[in-house]
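Go by the hints and put chain B onto chain A.
Protein sequences, first through last, are from chains A and B. My numbering numbers the first residue of the first sequence as 1 and each following residue consecutively. My numbering numbers the first residue of the second sequence as 1 and each following residue consecutively.
Bear in mind the hints are in silico, worked out from the structure with no lab data behind them. A few of these clues could be false.
Identical copies carry no separate label here, and so any pair may be met within one copy or between two of them.
[As the list claims (entries may be wrong)] Pairs of lysine-lysine, BS3-like flavour, derived with a Cα cap of 25 Å:
(1) K79 to K109
(2) K221 to K124
(3) K225 to K236
(4) K121 to K234
(5) K247 to K236
(6) K109 to K124
(7) K210 to K121
(8) K226 to K247
(9) K63 to K297
(10) K225 to K247
(11) K63 to K112
(12) K221 to K247
(13) K234 to K221
(14) K90 to K63
(15) K210 to K236
Here's the letter readout for the chains.
Protein chains: 2
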Amino acid sequence: MQNRITRLFGISYPINQAGMIWCSGWELASAVSNAGALGVIGGGSMYPDILRDHIRKCKAATKNPFAVNVPLIYPDIDKHIQIILDEGVKIVFTSAGNPKIWTGILKDKGIKVVHVVASVKFAKKSEEAGADAIVAEGFEAGGHNGREETTTMVLLPLVCNAVMIPVIAAGGIASGRAMTAAFALGAEGVQVGTRFAASIEASGNDAFKKKIIETGEGDTKLSLKKLVPVRLIKNKFYEQVQQAEDKGATPEELQQLLGKGRSKKGMFEGDLENGELEIGQVAAQIRDIKPAAEIVKDIWLEFLDTKKRITEL
Amino acid sequence: MQNRITRLFGISYPINQAGMIWCSGWELASAVSNAGALGVIGGGSMYPDILRDHIRKCKAATKNPFAVNVPLIYPDIDKHIQIILDEGVKIVFTSAGNPKIWTGILKDKGIKVVHVVASVKFAKKSEEAGADAIVAEGFEAGGHNGREETTTMVLLPLVCNAVMIPVIAAGGIASGRAMTAAFALGAEGVQVGTRFAASIEASGNDAFKKKIIETGEGDTKLSLKKLVPVRLIKNKFYEQVQQAEDKGATPEELQQLLGKGRSKKGMFEGDLENGELEIGQVAAQIRDIKPAAEIVKDIWLEFLDTKKRITEL
Chain A
1 MQNRITRLFG ISYPINQAGM IWCSGWELAS AVSNAGALGV IGGGSMYPDI LRDHIRKCKA
61 ATKNPFAVNV PLIYPDIDKH IQIILDEGVK IVFTSAGNPK IWTGILKDKG IKVVHVVASV
121 KFAKKSEEAG ADAIVAEGFE AGGHNGREET TTMVLLPLVC NAVMIPVIAA GGIASGRAMT
181 AAFALGAEGV QVGTRFAASI EASGNDAFKK KIIETGEGDT KLSLKKLVPV RLIKNKFYEQ
241 VQQAEDKGAT PEELQQLLGK GRSKKGMFEG DLENGELEIG QVAAQIRDIK PAAEIVKDIW
301 LEFLDTKKRI TEL
Chain B
1 MQNRITRLFG ISYPINQAGM IWCSGWELAS AVSNAGALGV IGGGSMYPDI LRDHIRKCKA
61 ATKNPFAVNV PLIYPDIDKH IQIILDEGVK IVFTSAGNPK IWTGILKDKG IKVVHVVASV
121 KFAKKSEEAG ADAIVAEGFE AGGHNGREET TTMVLLPLVC NAVMIPVIAA GGIASGRAMT
181 AAFALGAEGV QVGTRFAASI EASGNDAFKK KIIETGEGDT KLSLKKLVPV RLIKNKFYEQ
241 VQQAEDKGAT PEELQQLLGK GRSKKGMFEG DLENGELEIG QVAAQIRDIK PAAEIVKDIW
301 LEFLDTKKRI TEL
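Pulled out of the complex, with its shape left as it was, chain A reads as follows (with noise of 0.2 Å):
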C-alpha cells in the first residue's frame, strides 16, 4: 500500500511511532525504522549533545528513514534545531507550539515538517506555515494535549475537512483495528505512541513499562488543566495534584508542587509514586512488552484483516 503519507517519508507502512519524551531514543526509532515504519527521536527530554549523539546512533543502526520530534516551547530550541541541520535529519515532526516560526526555516532546508495539533485552527495554520502533514492527536493521548478535550473520533473529521494535506491520526491507537478506523475517519497514517512505549526497545524505566501493562480503564488522566493539561497515570503524584486542584490550588501553587524533572524522575529513573508518569488511555490494551518489529508487523496485519472484515460485511 502506498498513500501521501507513505510517499512523504519514504516508507513502507503509514505508522509512525510517536516522539515521547524520556522513551524514543535512537533503540527505539532506529528499530521501528527498520521495521518499514517512521522512527522518530523525541528530542524533548535532550540536551543538545545528547540529541545529536542519539541523530548519529540512529543513522548508524538504520538506513531507513528516520524523524526527530522537537517541541517548539523548549528553551533550546534553536541549538536543537541546527543540530538537526548540521546532521542531514530529513524529516521533523514539531509539537507545542506555534508552526509560523520554524517551519519555513525547515522546509528551506529541504527537511519534511509534519506538525502535531489539537484541534483545527492548529492544522490550518500548520498548513497556512507551509507544513507537509499534520498529526491530528485526541484527548485519549498520553502527555500533553490540547484544552479543547476533543477526542480523536470527532477530531479526525474535522481536522481531515478542513486542510489539504495528508493528517496522520494519533490518540487511542495500538491496534490494526484502530488504524483502520483511523482511515475511515480520513486519516491517510496513524502515529502509534503508548504501544511503542512499552516495546523493548523503549527507552523507558523497566518498571515503568512493566506499570504501562498494569494499566486499565480509569487508571490515567487529564492533569495539571490549570497549567498545561498532560496525561498522567494515577499515582501518588497525582493524587497530590487532585487534592490540591479539588481544594482550588492555584496555577502557582500547582507549579510549586510539580517543582522541576517529574517526567525524568517517573519514565526514566522509575519512581512511579513520586514522578510524572505519561501514558495514553490506551494503556489498557495492552498487556505485554514486545519488539518494536513485532509492534509494526502486529498492527499492519491486523489492519489488512479489519480491512477484509469490514468489506465483507
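Frame of chain A, contents of chain B only:
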C-alpha cells in the same frame, strides 16, 4: 446488510437513535423507526402518564419496532416499567444504574433489553444479567457520562473483547465515516444522539437546536464531576459551576448551585444561559437541522461509501 443488531431489533439498518431527555419523544422515535433504524423514546424526562402517552402515539405513528429508554436511577422506575409492560413495548434500553435488578424482570416478559455502559466492568455485569446487547458509550458523548473518561476509540475494542453479546457504539458518531470506524473497532451497531437532537422531529426547544449547530470544538465540557459527570455546552450556568469548582466547591455546594429542573430549563424551555445544555462533542460536526429520515439515509449512504473507500485502500 443483516447482522446480530438488525436481527435483534428487526430493523433495516444497524443504527439506533439515543434516548435523550427532553429531546426524544414519540415524534422523533417514530420518524427514525419509519426510516428503517430504531427510534427510542427517552423516558428519563417524562412523568409516567406522559411516557404512556408517548408510547401510544409512537405505536400509532409507526408499524416498525421502536424502544423506550429508562434510566435505572429514576425514582419512578417501577411505574415506568409497569407502563412498558402494559403497553407491550418490545425493546427497552436501560442506563445509569445496575442492570442486575431490572434486566431479568423485563426479559421474563419477552422484552429485548440493551444496557448502556461506559466500562468493561459494567459491560460484563450487563451480560451476566442477561442483556441482549450493550451500548458502549465514550467520553465524547453528551449528557451523563462515565467516571473513567474512556473515549469511544479506546473503549470499543476493550468492550468487544470482553463480552460475547453484540456491542453498539456510542459517543462521537454522527456520520457514516464514524459508523465505519465503529465497525472497524468491533461494534455491530451505532447509537446516534447529538445528530438526532438537531433534527426537525426532536422535541428540544428550537433555540437549543440552533445552539447545537453553532457549537464548535471545545465548546462542550464534562462538568459537575463531583456529582454525576455530565457533558454540557459552555454557558453562564457552566461558567458558574466551573468557577465554584476552581475555588474548591464541595458536592453539596455544587448540588445547591445545580438546583432542580436545569435540564428542562435549558433543552426544553430554551433558556440557553441558565439551563443545562446536554450535547456531545460531535456537535462541532453538525451545521444543519434536518428531518430524521434524511439523517438515517445520509449516515447509511456514507457508511457504504466509506466501506468502499476502505476496501480500495
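A quick look at each hint next to the structure:
In the homo-oligomer, the alpha carbons of K79 and K109 lie at most 25 Å apart inside one protomer (16 Å), although the nearest pairing across protomers, at 72 Å, exceeds that limit. Proximity of K221 to K124 under the C-alpha cut-off of 25 Å is restricted to the inter-copy arrangement: shortest distance 23 Å between copies versus 28 Å within a copy. For the identical chains of this complex, K225 and K236 are neighbours both inside a copy (18 Å) and across copies (20 Å), given an alpha-carbon limit of 25 Å. Taking the shortest Cα distances, K121 and K234 sit within 25 Å of each other only across copies (19 Å), while inside one copy they are farther apart (31 Å).
Within a single copy, K247 and K236 get their C-alpha atoms as close as 17 Å, and across copies as close as 22 Å, so both meet the 25 Å cut-off. In this assembly of identical chains, K109 and K124 lie within 25 Å of each other by CA distance solely inside one copy; the values are 22 Å within and 55 Å between copies. For a Cα distance limit of 25 Å, the shortest separation of K210 from K121 across copies, 23 Å, qualifies, whereas the shortest one inside one copy, 37 Å, does not. In this assembly of identical chains, the alpha carbons of K226 and K247 lie at most 25 Å apart whether taken from the same copy (13 Å) or from different copies (12 Å).
For the homomeric pair K63 and K297, the shortest alpha-carbon distance inside one copy (19 Å) is at most 25 Å, but the shortest distance between copies (50 Å) is not. In this assembly of identical chains, K225 and K247 lie within 25 Å of each other by CA distance both inside one copy and across copies; the values are 14 Å within and 14 Å between. With identical chains, the CA atoms of K63 and K112 are at most 25 Å apart within one copy only, with a shortest distance of 17 Å there and 59 Å across copies. In the homo-oligomer, the alpha carbons of K221 and K247 lie at most 25 Å apart both inside one protomer (18 Å) and across protomers (20 Å), since each shortest distance falls under that limit.
Taking the shortest alpha-carbon separations for K234 and K221, both the intra-copy value of 7 Å and the inter-copy value of 21 Å come in at or below 25 Å. Taking the shortest Cα distances, K90 and K63 sit within 25 Å of each other inside one copy (12 Å), while across copies they are farther apart (63 Å). Taking the shortest Cα distances, K210 and K236 sit within 25 Å of each other inside one copy (17 Å), while across copies they are farther apart (45 Å).
When held up to the earlier numbered hints, the structure conflicts with none and fits them all.
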